[in-house]
Amino acid sequence: MSHQRASSATTILNTPLHISTPTHWRSSSDTASILASMTLLSTDDEPYVGGHYDALKSIGISFLGPDGSLSTGNASHEENKAVRHHLTQVFGATTQFFCGPWVVLGCTPSVPPGRLPEFVGGLIAIWRHADNMDFDPRIGELGQGEEEMEVDTSILEGFQSDQIPPKEAVTRLIASIFPTCIAITYVAGSIIVELPESEDAVFQEALEDMPLIIAGAPFTLEYHNGPLAKVERGRRTTRPRPELAEEKRVADETDYFAKDGQFYPGVMLSSVDKQGKTYSSTSAGVLVQKGDQQRLIVSWHCWEEHDKKYPGLIKEDNDEARRAFRIVQGEGGTEVGRVSERIGETDVALAKLHPGVKFENRFMDIKADAKTFILSDQVKYRDQVLFDSFTTGKQKLLLLGWRFERQRDEGGPHPRLIEKRQNGQGEMVNVVLPRDEVVYIAGSQGVYGTSDNIQTKRPYIRDRACGSVLVRCFAVGKQHLRISEMLDLGEVCGLFHFVDLTSKFAASAKGYLIYADAFDPLVADGWTIVPPQE
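Reading the sequence shown from the start, the letters are residues 1 to 534 in the UniProt record's numbering.
Just so you know, these hints were derived from the structure itself, not from any lab.
Positions of the beta carbon are idealized from the N, C-alpha and C atoms, including for glycine.
One or more of the hints may lead you astray.
The calculated lysine-lysine pairs, modelled on DSS-like cross-linking and capped at a C-alpha distance of 30 Å, are [as the list claims (entries may be wrong)]: (1) Lys274 with Lys308; (2) Lys371 with Lys290; (3) Lys478 with Lys167; (4) Lys358 with Lys371; (5) Lys309 with Lys277; (6) Lys259 with Lys290; (7) Lys274 with Lys309; (8) Lys81 with Lys478.
Restraint-style ranges between C-beta atoms, simulated for each label pair [stated by the list, open to error]: (9) Ala524 with Asp260: 30 to 36 Å; (10) Pro532 with Asn132: 44 to 50 Å; (11) Gly424 with Gly73: 26 to 32 Å; (12) Gly332 with Gln262: 15 to 21 Å; (13) Asp152 with Pro532: 46 to 52 Å; (14) Ser161 with Val202: 32 to 38 Å; (15) Gly73 with Val202: 40 to 46 Å; (16) Gly73 with Pro227: 31 to 37 Å; (17) Leu481 with Gln294: 28 to 34 Å; (18) Leu417 with Pro532: 50 to 56 Å; (19) Gly332 with Ser154: 58 to 64 Å.
All chains, full assembly: derive it from the sequences and hints.
Put into structure tokens, the structure is as follows:
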């Protein structure tokens, strides 16, 4: 059975981050000819300026290399020249700043209206006015201690250029060099060491003990004051008002269960207060099974305050528990079930649907059925995913790395082990040795890049994309597969844990990061995705 959204969810753009040698191009062009050449083309999805997700698709150029690398160096001189001309003529991008997995595009005389491409040859696009090109590719700050820390080579085992490190390598790095950190995040060739949050003066003092680089390491180092992934949320500051006119809607608030007799991934789900009014909203996940049990994946934080108010009640099977943790589909819509458990300390929760309530694992704006979970060690840097949310519709994201949160230990941190050794120049230097202490990773999250499309006509609610599951549409190592073939695999990689972007014009790469919880704990507990209906 096919189904369509009752209204097109508002669509935001998406984009990214990280450090490599930048290329900065400035082109000149006649303003009148720029405006005359700007076109708004239709695809089988929604209209894009230039007609596609990727600004270079129409000219057949990509920066993705056969080895999975993503760089302007993968295109010839003539192709790069054609790229500059195309971006200038079609989008008015007279200033172009290429750096790592992103490209900042400065448009003259202004950013084109409408939905802009999210990628440029595979790089994530940040659309700006040509007079506002300030952008810091760093996520954290640099260390102010040793310029180059010498370490035992065993500490760096498992780290490779342009690859997400395995958990074992990260735990060794924490135990041996960064025992005070709260998390390690790998993003596009950089390791960001997250230190305990403190006053800025205390943080700056801590940087004096942190190395600038590690000798022989295939990554750069940065440091961040506190956790990168801010997961705290408040209630809506802007509440969407239901609108009959599709063009005035700011979200798809349809009660699909009432409309179709079933509902789907990405549709609106809400927790409610005592009066039955919407408290917080999220997007529906996918339906999973274990034995004869079936549960719906939802985002825990929408019911977190209810759990704090009624501790332990979620485990009960009574009317009070069903009332407190009930789920409503659509704005003021049908009650479809209740949240029944949380998976570990993640944002993944499971909901038990009421008898007779039907859910189909078929996405509304993505031509795919959810079929199988992909574990965290099976995804790779530069994989691409799609998600479908009631507030944004379909969007594409680029996997930039992974965040490893350290389990808190009792007692104080240990000091580094140091040994004097002779270096290649015959000098005696301090070398950091590996430690045998076991460090546990409490949880992990995928780190994705996203840019915000500049919308000027009406307000858009950008949060509440949380709860959407990520479907892999491009996999490094499977470049031969078309997007349609990848989507046929139905590979689900994580649960979107949307963190509000700081600004459409965030001056730091950090403002363009979002996080997604991995499904590893769910799979370890024996849950699988309910197969699609024939």
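How the hints compare with the structure:
1. Lys274 with Lys308: It holds: about 15 Å lies between the C-alpha atoms, which stays within 30 Å.
2. Lys371 with Lys290: Since the Cα atoms of Lys371 and Lys290 sit roughly 14 Å apart, the hinted pair holds (cutoff 30 Å).
3. Lys478 with Lys167: 24 Å, holds
4. Lys358 with Lys371: Distance ~17 Å between Lys358 and Lys371 Cα, so the pair holds.
5. Lys309 with Lys277: Answer holds: Lys309 to Lys277 is near 17 Å, not above 30 Å.
6. Lys259 with Lys290: 29 Å, holds
7. Lys274 with Lys309: With Cα atoms ~12 Å apart, Lys274 and Lys309 stay inside 30 Å; holds.
8. Lys81 with Lys478: 28 Å, holds
9. Ala524 with Asp260: 30 to 36 Å: 34 Å, holds
10. Pro532 with Asn132: 44 to 50 Å: 46 Å, holds
11. Gly424 with Gly73: 26 to 32 Å: Since the Cβ atoms of Gly424 and Gly73 sit about 30 Å apart, the hinted range of 26 to 32 Å holds.
12. Gly332 with Gln262: 15 to 21 Å: For Gly332 and Gln262 the Cβ distance comes to about 19 Å; the hint holds.
13. Asp152 with Pro532: 46 to 52 Å: 51 Å, holds
14. Ser161 with Val202: 32 to 38 Å: 34 Å, holds
15. Gly73 with Val202: 40 to 46 Å: 41 Å, holds
16. Gly73 with Pro227: 31 to 37 Å: Holds, since Gly73 and Pro227 (Cβ atoms, about 34 Å apart) stay within the stated range.
17. Leu481 with Gln294: 28 to 34 Å: Given range 28 to 34 Å: holds, Cβ gap about 30 Å.
18. Leu417 with Pro532: 50 to 56 Å: Check passed, 54 Å falls within 50 to 56 Å.
19. Gly332 with Ser154: 58 to 64 Å: 60 Å, holds
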